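Chemist: Modelling step: build the complete structure from the supplied sequences, incorporating the hints.
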Amino acid sequence: GAGVSQTPSNKVTEKGKYVELRCDPISGHTALYWYRQSLGQGPEFLIYFQGTGAADDSGLPNDRFFAVRPEGSVSTLKIQRTERGDSAVYLCASSKTGVGGYTFGSGTRLTVV
Amino acid sequence: SQQGEEDPQALSIQEGENATMNCSYKTSINNLQWYRQNSGRGLVHLILIRSNEREKHSGRLRVTLDTSKKSSSLLITASRAADTASYFCATVPENSGGSNYKLTFGKGTLLTVNP
Numbered sequence: 001g002a003g004v005s006q007t008p009s010n011k012v013t014e015k016g017k018y019v020e021l022r023c024d025p026i027s028g029h030t031a032l033y034w035y036r037q038s039l040g041q042g043p044e045f046l047i048y049f050q051g052t053g054a055a056d057d058s059g060l061p062n063d064r065f066f067a068v069r070p071e072g073s074v075s076t077l078k079i080q081r082t083e084r085g086d087s088a089v090y091l092c093a094s095s096k097t098g099v100g101g102y103t104f105g106s107g108t109r110l111t112v113v
Numbered sequence: 114s115q116q117g118e119e120d121p122q123a124l125s126i127q128e129g130e131n132a133t134m135n136c137s138y139k140t141s142i143n144n145l146q147w148y149r150q151n152s153g154r155g156l157v158h159l160i161l162i163r164s165n166e167r168e169k170h171s172g173r174l175r176v177t178l179d180t181s182k183k184s185s186s187l188l189i190t191a192s193r194a195a196d197t198a199s200y201f202c203a204t205v206p207e208n209s210g211g212s213n214y215k216l217t218f219g220k221g222t223l224l225t226v227n228p
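Protein chains in written order, with this note's numbering: chain A, 1 to 113; chain B, 114 to 228.
It should be emphasised that the hints constitute simulated quantities derived from the structure, not laboratory data.
All values derive from a computational prediction rather than experimental measurement.
Backbone N, C-alpha and C define an ideal beta-carbon position, used for all residues, glycine too.
Accuracy of the hints is not assured; some may be wrong.
What the hints assert, rightly or not - Listed below are the simulated DMTMM-like cross-link pairs for lysine to aspartate or glutamate, each with C-alpha atoms no more than 25 Å apart in a straight line:
id, chain 1, residue 1, chain 2, residue 2
1, B, K220, A, D56
2, A, K11, A, D24
3, B, K139, A, E44
Claimed, not checked - Residues from chain A shown here face chain B by an in silico Cβ test under 10 Å; the list is partial:
id, residue
4, G85
5, S87
6, G107
Modeler: Here it is as structure tokens:
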């Protein structure tokens, strides 16, 4: 597509529930990134995919967070047993290589109540 | 953890004036990038400056980089109301162990341009 698409744009869920956030990167971009942005802060790195594999998942805060990219394009960020502290905007970005300016999606605003 | 620190945290100017935002960082970098964010959602890449460059221009934007001081500045000339947004600097670390892809953002500067 023309840009990075993230769905849903907003998600409200109850504490303890499971959520999936989807990212559709720009066609042909092999690198895909997930970032999380809390209110008043800059985005923080979560995970980086090169193709289908997670090249660096060091930013995932704990084992409740998991992300996949099975065919090397669309990626899904999965959060189990959500907590109120998980509330944030989750941003996805893609790029042609692992270095350079990234194209970000509009983000998913997750609210855990 | 945040690597970059933008200064000031907030800036309010009149349309037509220039806006200058500064960014300081802590570790050696491969490159530094500036992004704009409207209404707390998607970030838009503005400009990338590499560690061996000192200045870059793009339209009304001018970015400088001083690696000896570990700092960068973003200048927006002849500002417009549409420039109102948050501006973030982000660094990519010097190539070490292949981690030259990971952006580390500062907390941002909120720029308000009054008509």
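Chemist: None of the hints should be skipped; say for each whether it holds.
Modeler: Status of the hints after comparison with the structure:
Between B:K220 and A:D56 the CA atoms are separated by roughly 23 Å; this keeps the pair inside 25 Å, and the hint holds. The suggested pairing of A:K11 with A:D24 holds, with an alpha-carbon distance near 17 Å, which does not exceed 25 Å. Distance restraint check for B:K139 and A:E44: the Cα-Cα separation of roughly 16 Å lies within the 25 Å cut-off, and the hinted pair is therefore satisfied. Violation of the interface hint for A:G85 is found here, the shortest Cβ-Cβ separation to chain B being roughly 17 Å, above the 10 Å cut-off.
With 10 Å as the threshold, the beta carbon of A:S87 stays out of range of chain B, its nearest partner Cβ sitting at about 13 Å, so the hint is violated. With a cut of 10 Å, the hint placing A:G107 at the interface with chain B holds, because the nearest CB-to-CB distance is about 5 Å.
When the structure is compared with the earlier hints, violations turn up for hints 4 and 5 and for no others.
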